[in-house]
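> Sequence:
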Amino acid sequence: MRTIWQHIVFLLSGYWGVGMGAFPSSVQIGGLFIRNTDQEYTAFRLAIFLHNTSPNESEALFNLVPHVDNIETANSFAVTNAFCSQYSRGVFAIFGLYDKRSVHTLTSFCSALHISLITPSFPTEGESQFVLQLRPSLRGALLSLLDHYGWNHYVFLYDTDRGYSILQAIMEKAGQNGWQVSAICVENFNDASYRRLLEDLDRRQENKFVIDCEVERLQNILEQVVSVGKHVKGYHYIIANLGLKDISLDRFMHGGANVTGFQLVDFNTPVVTELMQRWKTLDQREYPGSDSPPKYTSALTYDGVLVMAEAFRNLRRQKIDLSRRGNAGDCLANPAAPWGQGMDMERTLKQVRLQGLTGNVQFDHYGRRVNYTLDVLELKSTGLRKIGYWSDMDKLVLLQPEPAFKNDSLAMENRTVVVTTILPLMKNPILRN
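Numbering (full-length UniProt numbering), first residue to last: 1 to 433.
Check the hints yourself; a few may be wrong.
Said to hold, decoys possible - Pairs of lysine to aspartate or glutamate residues, derived as EDC-like cross-links and limited to a Cα-Cα distance of at most 16 Å, are as follows:
{"no.": "1", "residue 1": "Lys350", "residue 2": "Asp291"}
{"no.": "2", "residue 1": "Lys100", "residue 2": "Glu214"}
{"no.": "3", "residue 1": "Lys386", "residue 2": "Glu214"}
{"no.": "4", "residue 1": "Lys395", "residue 2": "Glu214"}
{"no.": "5", "residue 1": "Lys233", "residue 2": "Glu216"}
To be verified - Derived DEER-like restraints, expressed as beta-carbon distance ranges:
{"no.": "6", "residue 1": "Asp200", "residue 2": "Gly175", "range": "21 to 29 Å"}
{"no.": "7", "residue 1": "Arg204", "residue 2": "Ser54", "range": "55 to 63 Å"}
{"no.": "8", "residue 1": "Glu172", "residue 2": "Glu206", "range": "16 to 24 Å"}
{"no.": "9", "residue 1": "Lys380", "residue 2": "Ala337", "range": "36 to 44 Å"}
{"no.": "10", "residue 1": "Val232", "residue 2": "Ser292", "range": "46 to 54 Å"}
{"no.": "11", "residue 1": "Gln176", "residue 2": "Val228", "range": "44 to 52 Å"}
{"no.": "12", "residue 1": "Val226", "residue 2": "Ser58", "range": "26 to 34 Å"}
{"no.": "13", "residue 1": "Leu354", "residue 2": "Arg285", "range": "36 to 44 Å"}
{"no.": "14", "residue 1": "Gly340", "residue 2": "Glu172", "range": "25 to 33 Å"}
{"no.": "15", "residue 1": "Ser54", "residue 2": "Lys395", "range": "20 to 28 Å"}
Hints were generated in silico from the structure; no laboratory data involved.
Don't be surprised by glycine CBs; every beta carbon is placed ideally from N, CA and C.
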């Protein structure tokens, strides 16, 4: 289906060479998708379609022509082959997802060949010059929340699917403050293992948890929490994830436990509301995942296409003759032959600022998100409710009287809180170790 759609878009857009100002009328972009990202691919397709069919002449200056590959990340040869296939087709930038097995291969190729990768996957550790991280960092908001609750003894459940940045931040903070943190890696656990762990922790009278996992594993953990009856009054869970609304919390709503999490996508903004009207009309047989609201990773995917389109518009305004002619050969050449305009492309991408599904989309010099917003929500018996926000300058800002949010868990009984974040412009927005 993906290959067929690529050919249709390619034919509709027409490969007409270059337009006015020597800027191509059809801009080649890459798309690399991994397993279990059907909804993200739907968001990618929709964003490209809406760009190419926009009635706004100032936006429809060129067509985006995608070249999509599905990669099996466990096979390093397959990852290399997919990237080289994109490179040989003359793409100007690549939208791509990775996991811990493929991240090094992709980022290394991008750095060597000066091809920018725009990704909604977890932020890389260290600096990667030609990688734009659409996903904001969660460290600042999470640490502020832990400080607010005054937690000095809790359990940290994590996997390594998103790297170790949160774990590292937690351990550093614990060392500085004398926290007692039981950090447990759960990536190889099954349902029975989760239940045994939860029962063991209950015998140790552990009732405060931070859970740092991707949505699928997180959902499974929460189901096991309910199965052993640990979703009731006296327990408090902080979910270290940017999409609390992507998680089913129905069985927690009346249990009495406190649940705190983060929400990047505000479904009440005009941008999201308008997109949702179009999203609901999609046929889920052709657009997998469209039968449910976009996950935050799908929203990031949609915004990634907007970022690329805006960068190309800016290059066109600057009358830059964007071309990969003579530079679409062997990506494995030794020495590497980087794209001569790759740094211009990277610079222009990092300068993009727009309002997308995930709010203000803006990057720092390192390609990391800055000036973004996370809402603070509370899970009541009627559902989630916004109660405040977190910002890097203001830290945790609550919209209700402070006494309702004291660090004593008893003061938070029957409340579930979800946190959304706002980062204003600053010189050094990234926490340093």
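> Indicate, hint by hint, whether the structure satisfies it.
Do the hints match the structure? See the list:
no.: 1; hint: Lys350 - Asp291; verdict: violated, 33 Å
no.: 2; hint: Lys100 - Glu214; verdict: holds, 13 Å
no.: 3; hint: Lys386 - Glu214; verdict: violated, 23 Å
no.: 4; hint: Lys395 - Glu214; verdict: violated, 25 Å
no.: 5; hint: Lys233 - Glu216; verdict: violated, 25 Å
no.: 6; hint: Asp200 - Gly175: 21 to 29 Å; verdict: holds, 25 Å
no.: 7; hint: Arg204 - Ser54: 55 to 63 Å; verdict: holds, 58 Å
no.: 8; hint: Glu172 - Glu206: 16 to 24 Å; verdict: holds, 22 Å
no.: 9; hint: Lys380 - Ala337: 36 to 44 Å; verdict: violated, 59 Å
no.: 10; hint: Val232 - Ser292: 46 to 54 Å; verdict: violated, 28 Å
no.: 11; hint: Gln176 - Val228: 44 to 52 Å; verdict: violated, 33 Å
no.: 12; hint: Val226 - Ser58: 26 to 34 Å; verdict: violated, 51 Å
no.: 13; hint: Leu354 - Arg285: 36 to 44 Å; verdict: violated, 32 Å
no.: 14; hint: Gly340 - Glu172: 25 to 33 Å; verdict: violated, 41 Å
no.: 15; hint: Ser54 - Lys395: 20 to 28 Å; verdict: violated, 40 Å
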